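J.: Below, each chain spelled out in residue letters.
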Amino acid sequence: MYFKGHFQNAYITHDLYGALELIDNRFGKVDWIVFEPDMQLKTANGIKESSVKAALGWHDGHQLEIIQPVKGYVDHYLPVLPEDKTDIVPRFHHIAVRRDDEKAMREEIAQLGLPVEFEGEVPGLIFIYLNAAKVLGHHFEYIWATPEGWEMQGWPKDRPVY
Amino acid sequence: MVSLRGHYQNGYVTHDLDRAVTLVEGRYGLTGWWRFEAEVSVETPACTATMQIRIASAWAGGLHIEIVEPMGGADEHYRALLPDDPDDPTPRLHHWALRRDDLQEMRAELSASGLPLAFAGESPAMVFAYMDARASLGHYLEFVWKAPGGWEKIGWPEGRLLL
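So the sequence lines, in the order shown, correspond to chains Y and R. Just so we're aligned, residue 3 is where the first sequence starts under the numbering used here, counting upward by one. Just so we're aligned, residue 406 is where the second sequence starts under the numbering used here, counting upward by one.
Some chain Y residues close to chain R (C-beta under 7 angstroms, calculated; not the full set): (1) 5; (2) 91; (3) 93; (4) 94; (5) 138; (6) 139.
Facing chain R, a subset of chain Y residues (Cβ under 7 angstroms, in silico): (7) 4; (8) 24; (9) 30; (10) 92.
No lab work stands behind these hints, which were simulated from the structure alone. Computed from a predicted model, the values in this text were never measured in an experiment. Where a beta carbon is used, it is the ideal one built from N, C-alpha and C, also for glycine.
My request is simple: use the sequences and hints to build the entire structure.
T.: Here it is as structure tokens:
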């Protein structure tokens with residue numbers, strides 16, 4: 003059941019803080035977890051540097067992620083961005099599913115057989131982007147994390163994994 | 406103010422429902438599709454209209470996936486997010502659906518939402534309203550109320566909380 007554990011819809015924007023304001027003004031303010039990581043991503047062509055601004059916000063049991071590509075290897079985000087750089091409206095990019103067993107997650111990814119775009123990690127959390135554009139019209143992200151890693155993401159207490 | 410609580414569905418549009426379902430089923434192994442083809446009467450800001458649609462939906466864990474093929478009539482809000490190439494059957498995300506259990510509150514919430522109404526429809530069993538959230542999320546939002554027993558009829562997973 004590949005969709006099991008869906009918890010996030012994720013978007014790309016030209017302007018993270020402008021997009022957050024847009025969403026908050028329309029749907030109510032949430033406590034966004036904002037981070038601006040400089041990452042090293044594992045790709046089929048080696049390690050790539052990638053910098054983004056990103057925010058995670060929960061609306062009850064569902065998480066929104068908003069990402070602004072900044073520099074480096076951000077190629078996978080660009081196709082959904084509008085050409086007009088003053089257009090800050092977020093554009094849908096991927097869904098994310100939660101996994102709690104890293105080995106099983108990797109086996110599942112191999113079984114699913116979609117192209118792996120890249121893999122990244124921070125302490126206690128691994129994320130892997132698959133390109134599902136030819137099946138679902140968007141990307142598909144697997145995330146494994148330790149309990150502390152999920153807590154770091156603001157996972158709501160007692161929110162089950164469906 | 407309108408709330409994003411109650412997310413349970415990602416809704417997609419396609420030029421070709423059968424090919425889209427085959428794509429998702431073939432790769433993700435998602436089965437148990439419920440299919441529906443109908444002429445639907447809807448209210449738009451301008452008038453009462455009808456549209457023809459084909460729909461397939463399935464539960465994937467706690468996520469309900471819906472794919473809609475617009476077939477004619479007042480279906481422009483579905484067509485708005487279709488790919489330009491009519492031979493491209495790949496689904497494109499069109500909306501989230503948000504569950505509501507209090508119809509009166511839902512109507513009040515939508516009236517105060519500030520979101521433009523795309524179209525809405527209702528029967529004794531169900532009320533739905535598509536709101537145009539393209540200016541804030543890039544897509545539509547569907548608000549759905551069902552009469553008692555209605556969620557069970559669409560296979561709402563047992564134990565799936567309304568979050």
